[in-house]
Structures are given as C-alpha cells and as structure tokens.
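**Q** Listed here are the chains, written in short residue letters.
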Amino acid sequence: MLIPTRFSITSLLRHCAAFVLLCMAAHAGASPVTGGTLNFVVTPEPPALVNLATSAVPVLKVSAKVTEGLLAYDLKLQPVPQLATAWSISPDGKRYTFTLRRGVKWHDGAPFTSADVAYSLELLRQVHPRGKSTFAKLVAVRTPTPHQVVLELSSPAPYLIMAFAASESPIVPRHVYENTDPLSNPNNTAPIGTGPFKFVKWVRGSHIEYVRNPDYWDKPRPYVDKIVVRLIPDAAGRAIAFENGSVDLGGDTPVPLGDLARLKGNPRLAIETAGYQFSAGPSRLEFNLDHPLLGKLAVRQAIAHALRRDIIKNAVFYGYAEPIYGPIVPGSPFYTAVASPYPFDLERANALLDGAGLPCRAGGIRFKLTLDPLPIGEPPARAASYVKSALARIGIAVTIRSQDLPAYLKRVYTDRQFDVVLNGISNLFDPGVGMQRLYWSQGFRKGVPFTNASHFANAEVDRLFEQAAIETDRAKRLAAFARIEQIVGQQLPDINLVAPRQMTLYNRRVHGHSATANGLDGNFADLYLAPAP
Amino acid sequence: MFDSRIAATLRRALLRAIPTVLGIVILNFLLLQLVPGDAADVLAGESGAATAETMAMMRSHFGLDLPLGQQLLNYLNHLAHFSLGYSPRFNMPVMELIWSRLPNTLLLMAGALGLALVLGIGCGLVMATWAHRWPDRILGVLSLLLYSTPGFWIGLMAVVLFSVHLGWLPSDGSTTIGANLSGWDAVRDRLAHALLPTLALASVFMAIYARLTRAAMLEAQTQDYVRTAVAKGLHPARVQLRHVLRNALLPVTTVAGVHLGNLLGGAVVIETVFSWPGLGRLALEAVQGRDYAVSLGVLLLSSFMVIFANLLIDLLHAWLDPRIKA
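Residue numbers (my numbering), protein chains in the order written: chain W, 1 to 533; chain Y, 1 to 326.
Isolated chain W, as found in the complex (with noise of 0.2 Å):
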C-alpha cells in the first residue's frame, strides 16, 4: 500500500519504537556515547558540498550531514520523518500535505519554514540533474501556514514519495538563495543547513570538517563533536589508511576489491553491505542498436548465450555480486526473479551467428567489435576483459578501447561512435525513474548522459511505463515492470549481467553508520564511537 493515510501519534510512536528497538539489538544493548572524531573517507573529491545542481556520488556522501530532506527512510525502505513530521497523500493521488517539524533552526539561526521547502522544491526543478523528470508532474506548491507545504500534482506520481530524502531533495535556505545565481551561490560549497552537524572548512585536495550542531532539534543527537572527510584519491592508500587506523569509514566499497580478503581477516575491521538500496544497480552490457550487426536479435541472442554470470560474479567482483537477467536487482522491491530465455549454450550461439549470415572467416572470426567499458572504478574494465575471451569463442573479435569519463560519455550518449559498452547504472528510488530512462523511446535524447544509449524503441514498453507512471496500484505497477522485464530479457537492447553489492568498510568503533536506506548518504545523526577499550 503505496498511500498511507495521515500518519498518526501512535503510529508513529509505534514506528520510532520499532526502529529503536532494531537499534538496540543490531547494537547489542550498547548505549550511544558522546564525542570523538570520525575519520569519513570519501572518493573522488566532491564538485561541491550540497546535492542540489549536482547529485555526484561523493556529494551525496557529505551533503546530507548538513542538509536535510523532508524525509528519511528506514532500511526497509518506509519513509521516516526528517524535516517533516507527518504527510499525507490525497486518494487521488494528485496532492501530498506535509506538516513540518516546529522550532528548527538554520545554522545562522534563521528559523525554517514552508517558504524554505516551496523555495528548494522550484530550485531543485530547476537545477538538480533529476529535478525536472522527477518533479515533472508539479504543477505548484503551495504554503497555507508556516508549518505546512502542499504539493499538487497534474496526474499522480506514485514514486514521489521515495524521492524526499536528503540524499534526492535537499531543502537549502531560501534566504540565502533567493535572488542569487543558484550555480554559483557559495552556499554550494560552504553549507548552512538544518541537519546534525555544521560546515567548519574545506581544504580542496585533503579535507573537509564538520562539526557538531548542539542546536539539533533531535537530542541528543548527534553524538560524534567532528566529522572529519578525507579525500584520498589513490584506492591503495584507502586500504593502508583502514590497516593503519587514520580512516574509520568508507562507502561504495573504497578499497580494491583483492584487498578486500586481507582486510576482512583485520579483527578492527568489519564490513556492512546495507544501506545501498538507493544506488545499487546491474552492471550490463548495452548494444548500439543502430550497428548493422548489432542490431539484428539473433547476433544479440548469440552473445548472450555465450556469456557465464558466474564468471563474471567470481572472477571479476570476487564472489561479491549477484547474477542477474533482468535490469531490476534484488533488494529493490520491485524485483521479480527472471529467468533468461538464453542460458549459456556455445553451440546455440554459433547456429545462430551461422544462420545470421556470419560464418567464420580466415583465423576463425565471424566479425569484429569494440567495447568500451565505463571508466569508473575497476570493475567495467574487467568484466569488459571477460566479454572479449567469452566472445572470442563464438567468433567475434573484440577490442577494449579506454578513454576517461567525459570522453566516453560524448562518444556514447553525443557521437554514438560506439558498437557495445559495458556500464553500470542505478536502478535509483524507483523504477519509473531509474530503469525508465534505459528502455523508454523518449529516452532516447542525445548528448544526455545514462539514457537509453542502445535506441532501443518498443511500443509496449513504452505503452507500460507511460501506465506505471501514474499508476498508484502498486501491484499493477509491479506486473507493468515486470513484463517490461520479460520484454527487455527477450528483446536485449542490453544484457544485464550481475548485481555488484556495494560494501561498507569500518573500523568496529564506528556504530550506527548505516541507519537509514541511502547508508552513508544518511545524516550520521545515529553515528557513535565506541569508547577506546
């Protein structure tokens, strides 16, 4: 049930002592203690501190410390008060009421009100990378008390409620903002927020340092006095600066993946792998549908058949991936368990490259390819090393081509001088969002970055994401994704290859880091350090 009624005292009561009960037993009865610094790594170094022009991964890891959204989620991905202490959405689903948090207080002590929420959900239409497709059935805000924010809708939107966290919505002062150039207020880089801990400084290139809000409106919360990030760019550094104690916590797995091993047997360290249900997402291999080759189903069907998930799971994430088949991975809760219509199966593979038309030439190759993997981290390279030996077996030679991340991006999304990419992509808060992009004709948009690059064009799917998006049955929309699964399985405009799980790295001192679903992009107001022993 997508739409709950108005939240209730006791319901509410009921939630925060449920969730404080799961607190108390994930701690085993420790009580949080006051003070410490923590030593955060974040990697690369962030554009800037708030998540409102941008929404850059490192961004997301420091903004929410200082500011907030209107709401939280828990880990099971139920929304929790933040800044707004109840809501409600109407049954037609075309307006949502929330009722604000009294008494909070910006970091220059101006108080927060409505006109600060109806002032960041316009700039966040205008500027955020996401704002205009996910506020896109906005039509107005409105601020009947200084208490109270209304939103109307044009049609519903039943994925809008999963899009209030900080880590999607940051709500920034309107007084600071209000008759400036948003792209370049120096609230971007020096932030004043709401949130549990306020901006110190940033010294670009080695660090930024938060300090405790003793003014919080949740005490007493928080309970570390500084945070401290360390931008380390070097992956090797990273997992020296955990062995070594000068770093306590790190998200999006920071350190290489063969250190992992080593580290794990470090009895100071230990690894989480919630809090990632906001990002996560398959690493797939995206075809150009527009290559002569390409784009014929039965070369596709081919390469599918010839590639082993277990491989790639094993050899190229070292076991810490799930196989998959459909763009949905597992944690999500729209994921429905597809099975591929094309199993590992060489001899399958080569009929149907023969019956294409494509027999082997001199030197046993059919054709040739080249595949760029995403220059992001190690993995994409790897897997893309794994593609070419998989598909040397049926013929097809492939060349692996490097570039850095802004060239690969103009060659894909703007020239679209690419035959097959090897990418990964964030299914987001919600499939309308997140998977809509990729498999959307009007996707489709060149010079867009992580959009729907194979020019993959389906009526039905089309026809069913248009229904999901307004759709506020929730099991209807499921069976709407789901299908659209089944289609894409078939059709292949990409293969989706394996569900990487995403880690966290932390010194056992460090409690309470992963307290909501975005984990580390949370607001660390739950954070404590464990006495040294």
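One or more hints might be untrue.
[As the list claims (entries may be wrong)] Covered stretches of chain Y, as calculated for chain W (at least 3 residues, CB under 8 Å): (1) 46-60; (2) 95-106; (3) 159-172; (4) 268-276; (5) 305-315.
[To be verified] Every beta carbon over 12 Å from chain W, so not counted as near; a handful from chain Y, in silico: (6) L15; (7) G140; (8) Y147; (9) S182; (10) L234; (11) W319.
Honestly, the hints are just simulated from the structure, not real lab data.
Treat the numbers as computed from the prediction; the structure is a model and nothing was measured.
Beta carbons are placed, not taken as given, at the ideal position from N, Cα and C, and that holds for glycine.
Mind docking chain Y on chain W? Use the hints.
**A** What follows is chain Y alone, placed relative to chain W:
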C-alpha cells in the same frame, strides 16, 4: 663585471619569456579544446543523470556555449587583468585554488630536487674518486636499481614498511588533520609527512645525478688542467673538488634544470599515492574534470616555473664558469 653579466642574462631571459608565455597560453587553450567532452559532460556523468535542460544550463553557466574565439578572448582578457578566471568544477577563483596548492608542491619539488642533487652529486663524487673499485661498484648497482624502479612503487613500498608495519611515519596527507599544532611540533609534523613522498620523488633523479656526476668527473680528470693542477702539487682533495667537480657540475645543473618540468609530472603520481594536496594532482583532476580554467592556470604557472628554472640555471652557469658570457 659579474653583476652586469647577471643583469644582461636576466634582461634577455625576460624578453624571451613574454612571447613564450603567450604562445603557451594560446597553444594550451587550443590543445585542450581537442580533448573530447566538456565540464558539463563530466558533472552530468558524475551525477549519473541529467536532462537536456540542465546540460544547456550548465554549458551557458560555464560559458561553454560561446564561440571558441570568444572564449579565448575572454580568457586573455582575464589574464590581462591578472586573473586566471573562475573554476566551474571547484567553484572558486582559479588563482586562489592554485595559491592554496602551490606551497605544498614547491615544498615537495624543492625538497626532492635538493635531496636528489646533494645525494646524487655526493654519490657521483665517491664513485668517480674510487672509480672501478668497490665503493664505485656498490653505489653503481644501487643507482642502477633506483634508476630502474618507478618512484611510485618505491613510495608504496616505503608506506607499507614505514607506516603500516613500523608505524613511524604517516601514510597520507601533508599535515595531521585537525591536530592544531604550532611551532616546532608543526614543523616536525610537516617534515614527517613530507619525508616519504620527497624520497620517492627524488629516487630516480638521485640515480641520474650520481651517474652523470661520475661520468662528467671521469671525463674532466683526463683534461690537461687537471694534470697541471696535480703537477703543481695540489692536495688531491682540492683537485677533485675545485678542478674536477666544479667543471663536472655544468652538465648536472643543465639536466637538473630540465628536470624541474619532469618533477611536476612525477609529482602527479607521487601526490596521488601519498594524497598530497599539491598542484600535480590538481592538474590531473582538472584535466579529468575538463576544467579548462584550472588546467590553463596550472599549465601557465608550470611554464613560468620552467622559464624561471632555466633562468636560474643560466645564472648558475655564469657563476660556475666565468667563461660563459651574457
């Protein structure tokens, strides 16, 4: 006499520097345009999402939608006003950004070059004095080893030994963050942080200078004036230092001047390995982020540094060898 020579050298170098710098700026600007993708692509790529509208908005914000000639003119106009422009990626004036990183890189470069020169020339002197005997052989093998090992690997191994296993030295950064040290403690903290990266950066150059000094000294030893000096009955140490080494220093200083540019390149790697917040890493990040303002700023500064280093070497030569005229 000496002063006028220096003044003439200075004047000539400065006159040559102006067209050089202008050429460098325009060439760099055009070269950077050839790199595929722009700052808006990078920011959208890092965000993992974008709309056509946000892309257009960012391009116009960064001035990337202007014609190329206009962009170049704007940049030259900034330069004429002693400004390096504004960084779209780091969201601050480029000048401020570069000044905040420069001291760290200068410390690293000066430290590494100084160390490499002192130790390299020292080793070369020992090797030449005891040529073909055991000190020469041992140092020869050592220098070959240093010469053929990449600096970043030496750096990584030094980190594993000194900061992970022994725990003597810090593994990253340029100071202890948040320690608020002052006076002697602050200096010691900085030196402790600088030691490993300086050694790693200096290693290859040390080996080069050792081998170069040895070769140049051996050649100088065969010269007539050395035979004359020995025949005059001068003390062997005086002959070695004053007559042989002094002349052997000319090629070493020439090469060291050329290396100043290389050091900045090597600093990119070393600064990354040791998370040293310096200019090399800034340059790398600027190129990866397609932040042309910062890239151009760093390149311009580097070209100034190379010109300055050459000037310094010219002056040094004029001092070492009185025959070199302005």
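**Q** Taking the hints in turn, state whether each one holds.
**A** Outcome of the hint check:
Requiring three or more residues with a Cβ within less than 8 Å of a Cβ of chain W, the coverage given for the segment 46-60 of chain Y holds, as 12 such residues are present. Counting residues of the segment 95-106 of chain Y whose CB lies closer than 8 Å to any CB of chain W gives 3, which reaches the minimum of 3, so the coverage claim holds. Coverage of the segment 159-172 of chain Y by chain W holds. Counting CB-CB distances below 8 Å, 8 residues qualify, and the rule asks for three or more. For the segment 268-276 of chain Y, the proposed coverage by chain W is satisfied: 4 residues have a C-beta within less than 8 Å of a C-beta in that chain, meeting the threshold of three.
Here the segment 305-315 of chain Y counts 0 residues with a CB under 8 Å from a CB of chain W, which misses the bar of 3, and the coverage is violated. The beta carbon of Y:L15 sits about 36 Å from the closest Cβ of chain W, which is more than 12 Å, so the claim that it is off the interface holds. Separation of Y:G140 from chain W is adequate, the least Cβ-Cβ distance of about 32 Å exceeding the 12 Å criterion. For Y:Y147, the condition that its CB be more than 12 Å from all CB atoms of chain W holds, with the nearest at approximately 24 Å.
With a cut of 12 Å on Cβ distances, Y:S182 stays outside the contact zone with chain W, its closest approach being about 17 Å. Chain W leaves Y:L234 outside its interface by the beta-carbon criterion, the shortest separation being 53 Å against a cut-off of 12 Å. In this structure Y:W319 is separated from chain W by more than 12 Å, as the shortest Cβ-Cβ distance comes to about 37 Å.
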